[in-house]
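Enquirer: Chains as they are written, first to last, in numbering that gives the first Met the number 0: chain A, 0 to 246; chain B, 0 to 110.
Hints in this document: simulated from the structure, not taken from any laboratory. Watch out, some of these pointers could steer you wrong.
[Said to hold, decoys possible] If we take Cβ atoms under 10 angstroms as the criterion, some of the chain B residues that face chain A in the derived model are:
1) Q26
2) V30
3) D32
4) V37
[Claimed, not checked] Computed, partial: chain B to chain A, Cβ under 8 angstroms:
5) L21
6) L34
7) V59
8) S61
9) V81
[Stated by the list, open to error] Not close to chain B: a few residues of chain A, all C-beta gaps over 12 angstroms, as computed:
10) V75
11) G130
12) T133
13) V165
14) G239
The beta carbon of each residue, even a glycine, is placed where N, CA and C say it ideally should be.
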Amino acid sequence: MRVYRADLHLHTVLSACAEVEMLPPLIVTVALQRGLDVIAVTDHNATANAQAVIEAAAGTPLHVLPGMELQTREEVDVLCLFDTLEQAADWQAFVDAHLPALANDVERFGPQYIVDAAGDFVAEDPHLRQGPTTIPLEAAIAEVTRRGGLAIPAHIDRRVKGLLGVLGLWPPDLQAEAAEVSPNLRPSQARQRYRFLPADLPLITASDAHFLDGIGQVLTEFTLNAPTIAEIRLALRSAGGRSARVP
Amino acid sequence: MKVKDVLAATGWELLTPTLPALENEIQGGYVADLLSCVMAGAQPDQLWFTLQTHSNIVAVASLTGVAAVVICEGAAVGADTVQKAAEQGVVLLRSAAPVYETVKQAIALGL
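For reference, chain A alone in the conformation it holds in the complex (with noise of 0.2 angstroms):
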């Protein structure tokens, strides 16, 4: 067992919010600068650059999870981590069952760039990735967590697209194994500010990079056997001598 650096939120040029940058070989360069672990490749709703990454981290020490940032039909921003490429897929197609069909109007949004290991570009994304679908929060959960996935509500402080700010208040029925806490915010300062947070809900940070300085600058630490979703699950619930920490 070892300690993780992880780095479990961030974009690539699939997102048209970030940085033309946000390129495979470039993410994997600077995350191992960093003294990143693993990181999980979140796009908006959508998870085609995952294979890239993967690729351009091969014969590295980076472990890179294939995911996604989801918006609910409630307008929240979920983390969906897989350990497969496969995983992932079959994820896709059931967001795209659920996204409206939109054209990306790339004038006002942004470009939404598939592109290969090396970084060069492959296609163009013409659908709207960007905004809700018309998943509700609590069947995300539970269809990612079908599919072997981790759910885990994105940034919850953030007022708009983060769970706390949408919905107020924690759902004392919610299925999530852990929350993301957005990167200014400590997760001891977010259990002081939202004293309604159960107390066993694991908090963790990570940092939404939407350009290449972004990556790792904050970040949860496991103590793992292997960097996979299992062991991260285990970790969140310090099975086994396994943690999560914010350091």
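Given chain A's structure and the hints, the job is docking chain B onto it.
Expert: Relative to chain A, chain B alone:
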């Protein structure tokens, strides 16, 4: 004006069963969808107009003491939300019209 009078005058749909809160006296209104805003801004006895249908609206309505919740634009409301509202005595109404038109109806009634 009571919630039941507004219901009769507007033709909005009553989603919850007949609850004592239909007798609530209404004092003005409040409009927001971010529940963190509603928790901070809504006042007791107001009609709260929203598009949000997550079951947390019931907890927020209880917390703020609003007279009733008016879900606008005919938004779909899950059975879990209706059930929680019934349990907690929170009246859920639904208007088919958009928020602006729905609020105008309330204002026309003198609220």
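Enquirer: Of all the hints given earlier, name the ones this structure violates by number, lowest first.
Expert: 1, 2, 5, 8, 9, 10, 12, 13
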